[in-house]
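Enquirer: Protein sequences appear in the order of chains A and B. Under this note's numbering, the first residue of the first sequence is numbered 1, with each subsequent residue one higher. Under this note's numbering, the first residue of the second sequence is numbered 1, with each subsequent residue one higher.
Treat the hints with caution; some may be incorrect.
Derived EDC-like pairs (lysine to aspartate or glutamate); straight-line CA-CA distance at most 16 Å [stated by the list, open to error]:
{"id": "1", "chain 1": "B", "residue 1": "54", "chain 2": "B", "residue 2": "106"}
{"id": "2", "chain 1": "A", "residue 1": "116", "chain 2": "A", "residue 2": "129"}
{"id": "3", "chain 1": "A", "residue 1": "109", "chain 2": "A", "residue 2": "66"}
{"id": "4", "chain 1": "B", "residue 1": "54", "chain 2": "A", "residue 2": "215"}
{"id": "5", "chain 1": "B", "residue 1": "272", "chain 2": "B", "residue 2": "283"}
{"id": "6", "chain 1": "B", "residue 1": "291", "chain 2": "B", "residue 2": "251"}
{"id": "7", "chain 1": "A", "residue 1": "246", "chain 2": "B", "residue 2": "67"}
{"id": "8", "chain 1": "A", "residue 1": "109", "chain 2": "A", "residue 2": "129"}
{"id": "9", "chain 1": "A", "residue 1": "374", "chain 2": "B", "residue 2": "67"}
{"id": "10", "chain 1": "A", "residue 1": "109", "chain 2": "A", "residue 2": "160"}
{"id": "11", "chain 1": "B", "residue 1": "54", "chain 2": "A", "residue 2": "253"}
{"id": "12", "chain 1": "A", "residue 1": "248", "chain 2": "A", "residue 2": "215"}
{"id": "13", "chain 1": "B", "residue 1": "272", "chain 2": "A", "residue 2": "253"}
{"id": "14", "chain 1": "A", "residue 1": "374", "chain 2": "A", "residue 2": "66"}
{"id": "15", "chain 1": "A", "residue 1": "285", "chain 2": "A", "residue 2": "269"}
{"id": "16", "chain 1": "B", "residue 1": "78", "chain 2": "B", "residue 2": "106"}
{"id": "17", "chain 1": "A", "residue 1": "265", "chain 2": "A", "residue 2": "136"}
{"id": "18", "chain 1": "A", "residue 1": "285", "chain 2": "A", "residue 2": "136"}
{"id": "19", "chain 1": "B", "residue 1": "104", "chain 2": "B", "residue 2": "125"}
{"id": "20", "chain 1": "B", "residue 1": "272", "chain 2": "B", "residue 2": "62"}
{"id": "21", "chain 1": "A", "residue 1": "248", "chain 2": "B", "residue 2": "67"}
{"id": "22", "chain 1": "A", "residue 1": "116", "chain 2": "A", "residue 2": "269"}
{"id": "23", "chain 1": "A", "residue 1": "374", "chain 2": "B", "residue 2": "185"}
{"id": "24", "chain 1": "B", "residue 1": "78", "chain 2": "B", "residue 2": "62"}
{"id": "25", "chain 1": "B", "residue 1": "177", "chain 2": "B", "residue 2": "152"}
{"id": "26", "chain 1": "A", "residue 1": "106", "chain 2": "B", "residue 2": "98"}
{"id": "27", "chain 1": "B", "residue 1": "78", "chain 2": "A", "residue 2": "215"}
{"id": "28", "chain 1": "B", "residue 1": "31", "chain 2": "A", "residue 2": "160"}
{"id": "29", "chain 1": "B", "residue 1": "78", "chain 2": "B", "residue 2": "98"}
{"id": "30", "chain 1": "B", "residue 1": "177", "chain 2": "B", "residue 2": "283"}
What the hints contain is simulated information worked out from the structure, not anything from laboratory work.
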Amino acid sequence: MIRRRYSPACIIFISLWIAGAPAVAGVVNPNISVIGQPYLMVTDDPANPDHDRLRMDPGETEVVFDDYLNPFTRGYFTLALNEDGLELEEGWFRILRGLPGALNLKGGKWRQGFGKLNAQHPHTYPFFDGFHVLSEFLPGDESFNESGLELSERLPSPGESSLVASLAWLQGDSFRQVRGDTIGSGDPISLSGDRSEESRPAVLGRLSAFSLIGERSGLDFGLSATSGTNNVAAGTRTTVYGADAKAKLWNSERSYLVLQAEVLKLDREDAGWSCATGYAHETVKPWGWYIYGDYNWDLRWNAGASFERYQAADRDQAWNSAFGLFGGVALMEETTAFRVGWERFRTGSAPGDVQPDPVNTFTLRVIFSMGPHKTHQF
Amino acid sequence: MSYRISFRTVVAALALACCLASSTRAMAKIKVVASLTDLGSIAAAVGGDQVEVKTIARPQSDPHHVEVLPSYMVSVSKARLYLKVGLMLDQWADQIIDGSRNNKVEILDCSAHIIPLEVPTTRVDGRQGDVHPNGNPHYWLDPRNGGIVARDIAAALGRIDPAHEVEFRQRAETFAKECEDSRVDGVARIAALPNRTMITYHASWVYFAEAVAMEVPGHVEPVPGIPPTGGHLQELVDLIRQRQIPVLLQEPYYSQDAPEFLARQTGIRVIKASPSCDSAQPDSYLAHFNKLIAEIVGS
Ligand SMILES: [Zn+2]
Ligand SMILES: [Zn+2]
Chain A
1 MIRRRYSPAC IIFISLWIAG APAVAGVVNP NISVIGQPYL MVTDDPANPD HDRLRMDPGE
61 TEVVFDDYLN PFTRGYFTLA LNEDGLELEE GWFRILRGLP GALNLKGGKW RQGFGKLNAQ
121 HPHTYPFFDG FHVLSEFLPG DESFNESGLE LSERLPSPGE SSLVASLAWL QGDSFRQVRG
181 DTIGSGDPIS LSGDRSEESR PAVLGRLSAF SLIGERSGLD FGLSATSGTN NVAAGTRTTV
241 YGADAKAKLW NSERSYLVLQ AEVLKLDRED AGWSCATGYA HETVKPWGWY IYGDYNWDLR
301 WNAGASFERY QAADRDQAWN SAFGLFGGVA LMEETTAFRV GWERFRTGSA PGDVQPDPVN
361 TFTLRVIFSM GPHKTHQF
Chain B
1 MSYRISFRTV VAALALACCL ASSTRAMAKI KVVASLTDLG SIAAAVGGDQ VEVKTIARPQ
61 SDPHHVEVLP SYMVSVSKAR LYLKVGLMLD QWADQIIDGS RNNKVEILDC SAHIIPLEVP
121 TTRVDGRQGD VHPNGNPHYW LDPRNGGIVA RDIAAALGRI DPAHEVEFRQ RAETFAKECE
181 DSRVDGVARI AALPNRTMIT YHASWVYFAE AVAMEVPGHV EPVPGIPPTG GHLQELVDLI
241 RQRQIPVLLQ EPYYSQDAPE FLARQTGIRV IKASPSCDSA QPDSYLAHFN KLIAEIVGS
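Chain B with its partners taken away, still in its complex shape:
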């Protein structure tokens, strides 16, 4: 009999705890959580003083595989807006959002209005590796997409806080213009290079390459998510020599062995760069793009 009494006591305690948790609270800023620092930085630029932004994936870690930690759920439990990358990159975000137990969070799929690249035209299976079946999800590396995302975020923030809707929209337009200016400047600097090709480790950089009119003739990964084989590396050595490809962009979370091998064999310059910006500060997104251009042109 004694366990029944304790059962009731615990139920009562749980009921009390949830009453406390749901009690009315005034909220000063719109709490935003973003899957990536890039989306967080854009949200900070658009939201200004009206938002408080947190991000989940660390810029030095692989955004394809993020461990779902209870702390992230706690962050999202207080959020009003969640910014997802979409295109199946951050499927881990669903678990975090579910675990947050937050019924009021609005989820914005930031890929909604971008034009995806590399959308498979045939059935996708394991032979293509860990290919993203809805298209390449690394779209934030094209500043034009940064502008599109900024406008979507402004619209979402405007729905949550209509009093500041105009400000959000104005900041998004300013941000989109800065993005385009940075891109045009980047195109000009890249155009001055004698050879506008590069090798990348993963297909993280296709949008970036398109934004600044660069060509990516090969990846270190033979197919997405699969480490290189000896045969594939030899093909890359031949390709790099034949086309005199000057740079290799390498994400920090992949093994350095293959890029180091290619550098030894061909003298290709390896640039270790994260596809994501450093932080959710408003200027971090474009600073990251500008830094990438600077590293590629070698200044």
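Just chain A, same shape as in the assembly:
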């Protein structure tokens, strides 16, 4: 028997058909999920207005809609409901099949697949929050979340291992950085705002590999790189490189260990300006990493520890570090989870400066979910 191939005419037909898809989509309602994530927190961080007092916070509520649009495409929306109102956290479609070869096309806005953790929703983390090194190095405020188009392809690989390459063309908004005003006469920032509202296309590439160990355990490796313009007027760029590894090792039918680590290297040109020479830039090249281990037993209980160490992305590049312990229990088929955590964060200081006191933060978070999107991903 001979496998059929898709002719260009067929691909054009499918594309047109997808374009006309709304006529057949929405047979019934999409899957709807709502996840609440309230928490209690006590911190001795003097920068926190609630320091040394118990803070009760509703956290961010996540609303997810997802379903197939047609036989080729899936659509997905995540709305974040928080004190700022309702935001479109993610909204994308993905053409899963029908494109030549095994290409997938994803378009819209989503948490970008740089490394392992950034693409994951925070309610699936076993710890309270993402790692400082990621928020320090990756573009964006809370996560590296961008609008764009992504093509991905599964590459040939031996046996049942998997190798996937993806390349995304991004809007580049999250790379933008507002330069500090020099107060020098004629500084463009005080005249026209330094074009800080402009962005330029950015790129993100990723290669990820997976291999089974035995029947059920697995090993993941990934390499990511992203680059974009952080100041259009000065033409300065931010580039981040990352390597990540994850192992999920089952040691019985009902228990497993997850070990995960990422290393990141930032290469960022920070725009500057002087009356004498005009635009200039200074480059920072800090690096850092995190690692965590999480042991899950009886499929419902887990406990683990994390550590991270990274250089601040400024001129001094002092080493910051954080150590954390966490534990949790999931009840009733993942509909409710309780997570406790403690983190001790130590800010680095430049040589000769006084070392600031470490900051301790205790948290207890409840994650409850209605609908098929759960507190943690299997």
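We have chain A already, so just place chain B with the ligands on it with the hints.
Expert: Showing chain B with the ligands alone in chain A's frame:
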């Protein structure tokens, strides 16, 4: 400027990779992937030498929660037929099939022609636990349903490979007859027992019980997916004593604490058995059924 050049290079590399991946290939056997070993075993019995079968869920693991691993997607990427359990048991299979990027795989919902049991008649919500809203999906444990699934698989294989359609159909009929023979034999052996009741951990065994005319007066789980409470266990102790229930069937992927407690309290015999057969070998499906009967009658 330099990044634009590398962008184009990568696009060209991706385009080349997909041309290689989609190049015409001759295929000797029909590659079948099944969610469960049971469906895989039936497909192997029906497909004979014309099929090569792989399965996803391991028989010792919980089929309700299967981790979607990229390796499974790679297996399905080469498949021509995917066998789903349906009735919302293997919703994880959709993610595997989507991730396979395979546009040619035919998906057969093997529950299409079975008569589901325990179909809720009222609105289902969280109070009923992780109940399957379209009915109990563990239907493969009734050999009569094995026969129905075999005929559906034969029809699907016949569409893919019309040259062997007659063979597929004949093998399915033979298989269905063997299933019925095994069941009739099982009914006779169970009928000889003085007490034909059993407790099961999860509601995995309702089709099995119906197939061999056994009664399941209680489950260790108070509602599907929810571990037992002390109060529920005490009710079970009373029930087991009152009705002198002789056996408790326990799936290997649930905690053994509650069954062990019940055994200590009442002397009930705990049989640890997977609801799924060992492998996708053609004889594995019925061997599993026959072994279950043998364990229950205690021979
Ligand atoms: Zn989520
Ligand atoms: Zn079930």
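Enquirer: Are the hints correct? Go through all of them and say.
Expert: We went through each hint and held it up to the structure:
no.	hint	result
1	54(B) with 106(B)	15 Å, holds
2	116(A) with 129(A)	14 Å, holds
3	109(A) with 66(A)	14 Å, holds
4	54(B) with 215(A)	13 Å, holds
5	272(B) with 283(B)	21 Å, violated
6	291(B) with 251(B)	15 Å, holds
7	246(A) with 67(B)	15 Å, holds
8	109(A) with 129(A)	22 Å, violated
9	374(A) with 67(B)	13 Å, holds
10	109(A) with 160(A)	31 Å, violated
11	54(B) with 253(A)	21 Å, violated
12	248(A) with 215(A)	12 Å, holds
13	272(B) with 253(A)	14 Å, holds
14	374(A) with 66(A)	13 Å, holds
15	285(A) with 269(A)	9 Å, holds
16	78(B) with 106(B)	12 Å, holds
17	265(A) with 136(A)	11 Å, holds
18	285(A) with 136(A)	12 Å, holds
19	104(B) with 125(B)	36 Å, violated
20	272(B) with 62(B)	14 Å, holds
21	248(A) with 67(B)	11 Å, holds
22	116(A) with 269(A)	25 Å, violated
23	374(A) with 185(B)	44 Å, violated
24	78(B) with 62(B)	25 Å, violated
25	177(B) with 152(B)	15 Å, holds
26	106(A) with 98(B)	13 Å, holds
27	78(B) with 215(A)	20 Å, violated
28	31(B) with 160(A)	14 Å, holds
29	78(B) with 98(B)	13 Å, holds
30	177(B) with 283(B)	14 Å, holds
Hints 5, 8, 10, 11, 19, 22, 23, 24 and 27 from the earlier list are contradicted by this structure; the remaining hints agree with it.
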